[in-house]
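**Q** Below are the chains, spelled out letter by letter.
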Amino acid sequence: MNQLQNFTKGFIKDNPVFVLLLGLCPVLGVTSSAFNGLGMGLATTFVLVCSNTVVAIVKKQIPDKVRIPTFIVVIASFVTIVELSMQAYVPALFDSLGLFIPLIVVNCLVLGRAEGFASKQNLLSSVIDGSGMGLGFTFALTLLGGVREMFGNGSIFGWKFVEGDAILIFILSPGAFIALGYLIALINRIRKTA
Amino acid sequence: MAKKESSFINMVVTLFIVTMVAALALGGVYTATKEPIALAKKAKTEAALKAVIPNFDTVETYKVLAVGSTDSLSVNKCLLNGEIVGYAIESSSTNGYDPTPIKIMVGFSLDGKITKTSLISHKETPGLGTKMGEPKFASQFEGKDPESFKLIVKKDGGDVDAITAATISARAFCEAVTKAYNVLKKEGGNK
Chain A
1 MNQLQNFTKG FIKDNPVFVL LLGLCPVLGV TSSAFNGLGM GLATTFVLVC SNTVVAIVKK
61 QIPDKVRIPT FIVVIASFVT IVELSMQAYV PALFDSLGLF IPLIVVNCLV LGRAEGFASK
121 QNLLSSVIDG SGMGLGFTFA LTLLGGVREM FGNGSIFGWK FVEGDAILIF ILSPGAFIAL
181 GYLIALINRI RKTA
Chain B
1 MAKKESSFIN MVVTLFIVTM VAALALGGVY TATKEPIALA KKAKTEAALK AVIPNFDTVE
61 TYKVLAVGST DSLSVNKCLL NGEIVGYAIE SSSTNGYDPT PIKIMVGFSL DGKITKTSLI
121 SHKETPGLGT KMGEPKFASQ FEGKDPESFK LIVKKDGGDV DAITAATISA RAFCEAVTKA
181 YNVLKKEGGN K
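If you read the sequences in order, they're chains A and B. Per this note's numbering, the first sequence runs over residues 1 to 194. Per this note's numbering, the second sequence runs over residues 1 to 191.
Do not take every clue at face value.
[Unchecked claim] So the derived label-pair ranges between C-beta atoms look like this:
no., chain 1, residue 1, chain 2, residue 2, range
1, A, Leu-186, B, Val-21, 40 to 48 Å
2, B, Ser-139, A, Trp-159, 36 to 44 Å
3, B, Thr-164, A, Lys-192, 36 to 44 Å
4, A, Gly-158, B, Thr-61, 45 to 53 Å
5, B, Ile-9, A, Val-90, 42 to 50 Å
Keep in mind that the hints were calculated from the coordinates and are not lab data. Built from N, CA and C at the ideal position, the CB exists for glycine as well.
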């Protein structure tokens, strides 16, 4: 597999949300608006790239039986660093996204890529895999958030095109499942024809 | 280099080193960001203060015990040229949808009317509870006298329009405003 394919596989072919169905807890929880989805996606991408890098560097020093605890410590440390730095230097951004940052630790996508990819591949591939998967995740979250915001609130990225309340169920948890289901069906259709 | 064997000593040493490095890194980041975080929080409180009381030059801050509970609220007495122009009271409620307190700043003019409210921090559901910071909900408190304007959501027999699908957050917000008003009454003010 060349590096370009390695990078682009995260968008449609192996999209973490629509195809691998990984990390659904933050996916369903935070995508009540396009902006939230985008922010959560980018924060996850950052952690994913960092943890993939570190895991790819130290993989040979880690005995097999303690690899999972090690990966978790690495991931949790990066998440905390992101949280503290955002709080200190971009408080405005932290206000809107701060709630979701700790959720990245429990995102099995991050651990899944560390275990399934970075611990077996070289550094460059791992970094590319991390960015590709992260951006694919961001794409999926923004799309889902956009669809839910559009139906549930009548707006896109906060820009309102319908006055008053829209179909509120799309903002609530059941709406996340409904929207995700239809998007998965759509992506499956695209993958079949492609 | 071959992969390290999973012997007891290898595992202990590896985990020890990994956790130590992580702890040191986190300690370093925590120390480095401690001051900027405190500054950012202070700036936020000040911004909230400026948002609720339009015109003042000095602030006297003191703590007042809340009515019927053990926590104390910060009362900011705002003065302009030595005369009191209003009170900004930092209040909170833990009865939101998330156990983390909802912190708000409520401004009162001298006649005991609410000038404005400002949301400082909270962890309510994004897209639902977060609407309590938006003008549609927050502006209904402006210029209201809590003596005649019942600070309870309409569903519970009050005068406050709740937020659709986020009644709990709206209730908690009202509770925090009520707490601030009770402190103002206890404080006396000029009311």
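**Q** State the violated hints by number, sorted upward, taking the hints as numbered earlier in the document.
**A** The structure breaks hints 2 and 4; every other hint is satisfied.
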